[in-house]
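Whenever a hint applies, use it, and build me the whole structure from the sequences.
So the chains spell out like this:
There are 6 protein chains.
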Amino acid sequence: DFMHALEEVKAAFGVSEEELETAMAAGILHFSPYIENILKDGRLFVDLVRTSATTSLLSISKDSNFPFIKLVSAENMVGFSEMAKIQYLNKVFSDAYKSPQNIVVIDNIERIIEWVPIGPRFSNPVLQALMVLLTKQPPAPRRLLIIGTTSQRSVLKQLDLQAIFNRELAVPNVNTHAELASILREVQAFDSENGLVQSLNELRDITGTDQVGVGIKKVLLAVGEAKQEVGNVESRFAEVIAQQIAASRD
Amino acid sequence: DFMHALEEVKAAFGVSEEELETAMAAGILHFSPYIENILKDGRLFVDLVRTSATTSLLSISKDSNFPFIKLVSAENMVGFSEMAKIQYLNKVFSDAYKSPQNIVVIDNIERIIEWVPIGPRFSNPVLQALMVLLTKQPPAPRRLLIIGTTSQRSVLKQLDLQAIFNRELAVPNVNTHAELASILREVQAFDSENGLVQSLNELRDITGTDQVGVGIKKVLLAVGEAKQEVGNVESRFAEVIAQQIAASRD
Amino acid sequence: DFMHALEEVKAAFGVSEEELETAMAAGILHFSPYIENILKDGRLFVDLVRTSATTSLLSISKDSNFPFIKLVSAENMVGFSEMAKIQYLNKVFSDAYKSPQNIVVIDNIERIIEWVPIGPRFSNPVLQALMVLLTKQPPAPRRLLIIGTTSQRSVLKQLDLQAIFNRELAVPNVNTHAELASILREVQAFDSENGLVQSLNELRDITGTDQVGVGIKKVLLAVGEAKQEVGNVESRFAEVIAQQIAASRD
Amino acid sequence: DFMHALEEVKAAFGVSEEELETAMAAGILHFSPYIENILKDGRLFVDLVRTSATTSLLSISKDSNFPFIKLVSAENMVGFSEMAKIQYLNKVFSDAYKSPQNIVVIDNIERIIEWVPIGPRFSNPVLQALMVLLTKQPPAPRRLLIIGTTSQRSVLKQLDLQAIFNRELAVPNVNTHAELASILREVQAFDSENGLVQSLNELRDITGTDQVGVGIKKVLLAVGEAKQEVGNVESRFAEVIAQQIAASRD
Amino acid sequence: DFMHALEEVKAAFGVSEEELETAMAAGILHFSPYIENILKDGRLFVDLVRTSATTSLLSISKDSNFPFIKLVSAENMVGFSEMAKIQYLNKVFSDAYKSPQNIVVIDNIERIIEWVPIGPRFSNPVLQALMVLLTKQPPAPRRLLIIGTTSQRSVLKQLDLQAIFNRELAVPNVNTHAELASILREVQAFDSENGLVQSLNELRDITGTDQVGVGIKKVLLAVGEAKQEVGNVESRFAEVIAQQIAASRD
Amino acid sequence: DFMHALEEVKAAFGVSEEELETAMAAGILHFSPYIENILKDGRLFVDLVRTSATTSLLSISKDSNFPFIKLVSAENMVGFSEMAKIQYLNKVFSDAYKSPQNIVVIDNIERIIEWVPIGPRFSNPVLQALMVLLTKQPPAPRRLLIIGTTSQRSVLKQLDLQAIFNRELAVPNVNTHAELASILREVQAFDSENGLVQSLNELRDITGTDQVGVGIKKVLLAVGEAKQEVGNVESRFAEVIAQQIAASRD
Ligand SMILES: Nc1ncnc2c1ncn2[C@@H]1O[C@H](COP(=O)(O)OP(=O)(O)OP(=O)(O)O)[C@@H](O)[C@H]1O
Ligand SMILES: Nc1ncnc2c1ncn2[C@@H]1O[C@H](COP(=O)(O)OP(=O)(O)OP(=O)(O)O)[C@@H](O)[C@H]1O
Ligand SMILES: Nc1ncnc2c1ncn2[C@@H]1O[C@H](COP(=O)(O)OP(=O)(O)OP(=O)(O)O)[C@@H](O)[C@H]1O
Ligand SMILES: Nc1ncnc2c1ncn2[C@@H]1O[C@H](COP(=O)(O)OP(=O)(O)OP(=O)(O)O)[C@@H](O)[C@H]1O
Ligand SMILES: Nc1ncnc2c1ncn2[C@@H]1O[C@H](COP(=O)(O)OP(=O)(O)OP(=O)(O)O)[C@@H](O)[C@H]1O
Ligand SMILES: Nc1ncnc2c1ncn2[C@@H]1O[C@H](COP(=O)(O)OP(=O)(O)OP(=O)(O)O)[C@@H](O)[C@H]1O
Ligand SMILES: [Mg+2]
Ligand SMILES: [Mg+2]
Ligand SMILES: [Mg+2]
Ligand SMILES: [Mg+2]
Ligand SMILES: [Mg+2]
Ligand SMILES: [Mg+2]
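Chains as they are written, first to last, in our numbering: chain A, 1 to 250; chain B, 1 to 250; chain C, 1 to 250; chain D, 1 to 250; chain E, 1 to 250; chain F, 1 to 250.
Bear in mind the hints are in silico, worked out from the structure with no lab data behind them. Don't take each hint at face value.
The list makes no distinction among identical chains, and a pair is therefore deemed to hold if it is satisfied within one copy or across any two copies.
[Said to hold, decoys possible] In silico PhoX-like pairs for lysine-lysine, Cα to Cα no more than 25 Å straight-line:
1. 98 - 136
2. 136 - 218
3. 227 - 136
4. 217 - 136
5. 227 - 91
6. 217 - 227
7. 136 - 91
8. 70 - 227
9. 70 - 136
10. 227 - 157
11. 218 - 91
Because the structure is a prediction, the values reported are computed rather than measured.
Below you can see the structure in the form of structure tokens.
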């Protein structure tokens, strides 16, 4: 299974074990055929792809021939001045040029450039450094795969950052009851298939639709929340996920 | 009663006695069934909730299994530079990762990020650090419950901060004469039930409605103010609370 | 009379004599019943009031049980950096927590936060520190009365500062000829009641109304200006005050 | 004449001779009855006036009983940081409090606060310091006359600065041919009264009006310019002043 | 061929070999007659031209009589402060004045001035230094050819930078199937002419047009991507380039 | 001729030979009667004029009685901080006050204040220092002629800078074929008058008008460019200048 696969990969990647473990703690559930495509696409075009969303990118890089991977995340830069961030980024890329084939993952780009929609404000020096580093050619014959993730595609577009990436992959929400059911089965949310059917029926009664449109993270949290209400897991799950659907629309 | 319960909790929480005592000095009055729900909700979903309003959250955490609690408040950061604030926040979270289960309470988020509606202005570096720290996964198998409070929900929404919290609880105003009466009884505002009825009748005469819509803090202040006018407490309370109702509408 | 009363108070207040003397040099004239109300109100609700306008607040605090008073004014902070201002404010409040009952007067809040309507601009760090300090509970069982003054009520409202104060008192202008006459009599502006009547008649001829709408400070300055034109004081006063009325409307 | 009067005053004023000499080099021409009024007004209300325009204010202060005068001008602050400007202003006022009666002249306020209409931008810290210093009461029984000048009255109004001054005096342009003729005679612009008439006729032919609307400084410069074209002074003056009139309208 | 020509040039240019090699790694494909014109134009007016787009400019300078060339790129300034950037620019120009004939290439001007369309923001000090240096005359009899490149012509126009350049050259996209075919042939994208025809037919089927409108860089990447899908190169190329065409329109 | 005249002047001016030589390298061509007027005007009113455009101002000052001249240009301030610029400006003016008669030339004012139309942005501290220095009276009996140049008259107007100058001179473009012909003859652009006629005819054929509207600098560059295409100079000149005319309109 995935957690096992991950362990094999870790050594190859050369990143600290703890970092990767945290980032991929949940495993990847294959809830829609689209996810399969991302992974297939990812493997196939691994030297071209620069895409979005933390979890799937690690899976993509797994089968590639790039032996080293470096994860750049705002979490490692809390309290850094702008200049310190730029130097950190610059160092990551300089190091990456030293081995023949590399992957640099820039996770949550909007957080690294300190984007906030009010204003809007962001760190232009960090953005500019990132733009230069993303465009810079590694000295021949070195190769570098750069993967970026974001939950604010339109922001990157406005900032002329999107055009720098050669290829874009969207990470889908859980969109239908069918996809939802596949996840609930995989994580064994309910004791029986009957419970699953009952819960989804209750959900359909509340929302009046088969549409879901909620991220997988919120689905998994709802499962955890429902399981605490022993004896009433099915109804509680329907309630909570209905709230999430409503919230995602407001 | 509550003050007693609090004392039991204090030791368990591991926060300084004085800090908690100040924050919860008034006790929690259960003036509406909705408050009951918040507390029940809180207990139930203690590992999911990230919610709003200082007083109720401490009650929520009381019955949880989290042995340590840390209160982050702008009051402890007066005169801090942006960088010092960020380092303080970072330290709180780093410390929280050290024990297996923790609660971090971020009180009055809008004050910590220095929000002001004119401009609007706020400290983007502090906001960004907060966003990263709120999203960061504690190293497995540690668990962390983060609770935030605010009186400016819409601000948090505009700042993309609200979406980081998994669950939201609204703290209600005192809305009806019935709720108002229950509070007045609990704090023994008047010498007799007759006095209570008379005061609320006078209030109804002034406002022409049973609606109140005033925070419990202002109700308690009005009681204190009325009690100073010995021999005329009922009328004075009606007057003062009527002014508050009018002010809350302008 | 007032100046005498003031002397009794000074010792009790514990503020430097010169500071108070400067601030209250003119004495308080009771030109309208409304002023009486402010003072009565002030005495009554001294532990709740946080209000506006330098002169009247010192009178309010006179009969209170608060033995210490601290005046925070932009005049003492000229040339301070933002950080120095915040530290000064912080120190005032910290000191105030040390004695059991205190009054802190924040005079001309709009000047302390460096408000200017063009932009608008102001010092957000100072504003934020003020908001936190105004909201902070003194450690039990200490009590603290905070009084703020401003001539820009709407600014404070826009900045969410007004809501922090529990109670608001407006300081009125001199609005009618009757109020104006009472002041002119108290300060003995003219040699005779005939002169007073003549002067107000001339004023009514110029303005065509009994409305005044000018602050008491400008009235007193007009008296001083008129008195310099010996032999023509009545006409000159009417002229000058008519100019002030016109200016206050443009 | 004026230059003589000035010399008598200088000693009394206690300002450096050279500074005053530069500022008043041109003498004051009494080209309109309005100027007379300003001077009369100025003398009369010398303890109330805070007004505009460098030249006339020195004349105003001449007959006052204030023995010391201090000129605050942006010319003495070129290259100062904001903080240095504030400290300079603070020192001027502190010094002024030391002698019993003083005049402080703030020349060209818009330049001291670094006003520019694009933006608009200005130094808010300097403005705020100025506002506080202008409002501050000198310690009793000291008296302080503050005179400010500006060529941007509306700017001061927008900045809430105008309201701080108790009285306002406008310095007029040269508005009519009659006023213009009186100046030309006083400075002996032409060799004969005939020349004067001829020149103003030519001017009327060009502009088609008796209106002038040009500052006295530009009139004096035009005289100097015309005098260089020996043999054609009258026509040249008419040409140049017509250009100035046109420019002042565009 | 080109790579050979380049080698001859390198010595003459006096730039570091590695820098040039990286910048021109791909060689110049002559895909449209327009490109020929740029090169011809470039050669002809080499002492006048200041133009756009990294690759072609090096070809332009090849046949000129300017023996030294200096490449100014944001890649060499990552992490520089504004002041350091300005000093770097200043040094490049000062050095260039030392030899009798020079070329300075300013690559990606919008990146050097840290342009971002949101705001918009950019480094005005760097821009201003650049404007002055671009306009400055080298001390006679020295000559200096300055070539600038940008992918944001309209930005340069808004910044008054465009007017400083005497001449402007546009670098075209690959616009037609004919141009696309010429490139595919030159890089031997497919095994046979048949494959080429098939692939372009498939492309025409998808897009419904002969228009392309994609930069040559993306065409070359698409070739690389297609070649990985052995046995299906033609269809895959059509798919990928169709996506690029769609993306360039959205 | 002009270059000769210049040499005579240089000694008198006391500026470094190289600086002047660079600034006036091209000589002044008298292409329109208007230029003659500027020079006449300039000579006549040399103690009043503050005007625009580098080349003509040096000619203006040649016949004046001012023995010293100081050129202030952004080229000498590249990499200066705001404060360093202000100190440099301040020093130039202080030095100028030391000799009895002086000229200070402020070249390209918009560059010195770092103006950019996007925003717009500029250095307000430098602008303010400039405004004060331009207005300041030199200590009597010293005289100072200040000449400013700009290619952005409307910017100076918006910044209230234009009003500080007493007189304004516009430097014209080459506007008609007649003016163009006079320049082409003076610089011997073509071998024969026939060639000149032919070239202007071709130009008229392309543009369909006798209007030119191009600065003299671009005309001279076009001549240089055309001369490189030996055997085709006339047609090439018509082509290039037609492009310039088109560009000046877009
Ligand atoms: N395919 C999946 N299978 C199982 N769990 C998943 C899957 N994708 C995401 N998750 C869960 O959702 C959580 C968040 O996923 P991830 O961090 O990849 O999302 P993201 O798009 O990067 O979000 P963010 O914007 O917060 O960075 C993961 O910790 C994991 O628990
Ligand atoms: N349920 C309650 N019972 C009794 N008193 C209460 C209750 N809730 C609030 N109070 C009183 O109101 C005061 C303010 O409450 P609390 O600080 O929790 O409000 P808040 O929503 O956090 O307001 P703020 O925005 O000022 O932080 C408390 O000090 C307490 O006196
Ligand atoms: N009731 C009063 N009786 C007599 N004089 C008064 C009275 N109120 C104000 N004054 C006079 O007006 C002056 C200004 O009053 P005060 O400083 O209280 O006004 P304020 O509202 O605080 O104005 P500011 O906005 O300038 O601070 C005082 O110095 C005093 O001379
Ligand atoms: N009444 C007057 N008689 C003679 N000359 C005058 C008079 N008023 C002004 N001037 C001349 O005009 C010049 C400018 O006057 P002044 O400096 O007082 O004007 P200002 O309004 O202060 O202008 P600024 O805005 O430049 O400070 C003086 O140097 C003087 O030459
Ligand atoms: N005529 C050409 N022939 C072959 N390859 C080319 C040609 N022009 C560009 N390329 C390829 O496209 C890549 C990008 O070209 P270049 O750097 O010149 O583009 P640019 O316009 O400067 O883009 P950027 O905006 O990224 O600086 C080059 O590395 C090269 O691979
Ligand atoms: N009348 C003239 N005769 C000959 N050449 C001229 C003339 N005027 C300008 N030039 C040429 O044009 C060039 C630019 O002129 P100048 O520097 O005076 O223009 P400017 O208006 O100051 O432009 P900028 O805005 O770039 O400062 C000069 O170097 C010179 O070659
Ligand atoms: Mg992520
Ligand atoms: Mg709270
Ligand atoms: Mg006051
Ligand atoms: Mg002046
Ligand atoms: Mg490039
Ligand atoms: Mg110039």
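Item checked: Intra/inter-copy verdict for residue 70 and residue 136 if alpha-carbon distance must be at most 25 Å -> Both: 17 Å inside a copy, 18 Å across copies.
Notebook entry, point to check: 25 Å Cα cut-off: does residue 227 pair with residue 157 within a copy, between copies, both or neither?
Noted result: Neither, since 41 Å and 29 Å both go past 25 Å.
Margin query: Regarding residue 218 and residue 91, is the shortest C-alpha distance of 25 Å or less found within a copy, between copies, in both, or in neither?
Written below: neither (35 Å within a copy, 28 Å between copies)
Next item on the list: Pop the pair residue 136 and residue 91 into one bin, within, between, both or neither, using alpha-carbon distances up to 25 Å.
Entry: both (14 Å within a copy, 23 Å between copies)
Note to self: Cα distance capped at 25 Å. Does residue 98 pair with residue 136 within a copy, between copies, both, or neither?
What the structure shows: within (14 Å within a copy, 30 Å between copies)
Notebook entry, point to check: For residue 136 vs residue 218, is the C-alpha pair at or below 25 Å within one copy, between two copies, both, or neither?
Noted result: Classified as between; 16 Å across copies, 38 Å inside a copy.
Margin query: With identical chains, the pair residue 70 and residue 227 could be close in the same copy or across copies; at 25 Å between alpha carbons, which is it: within, between, both, or neither?
Written below: neither (37 Å within a copy, 27 Å between copies)
Next item on the list: Please work out whether the CA atoms of residue 217 and residue 136 approach to 25 Å or closer within one copy, between two copies, in both situations, or in neither?
Entry: between (35 Å within a copy, 14 Å between copies)
Check: 25 Å Cα cut-off: does residue 217 pair with residue 227 within a copy, between copies, both or neither?
Finding: within (16 Å within a copy, 37 Å between copies)
Check: How would you classify residue 227 and residue 136 at a CA-CA limit of 25 Å: within, between, both, or neither?
Finding: between (50 Å within a copy, 24 Å between copies)
Notebook entry, point to check: How would you label the pair residue 227, residue 91 (within, between, both, or neither) given a Cα cut-off of 25 Å?
Noted result: neither (45 Å within a copy, 33 Å between copies)
The structure fails hints 5, 8, 10, 11 (numbered hints given earlier, in ascending order).
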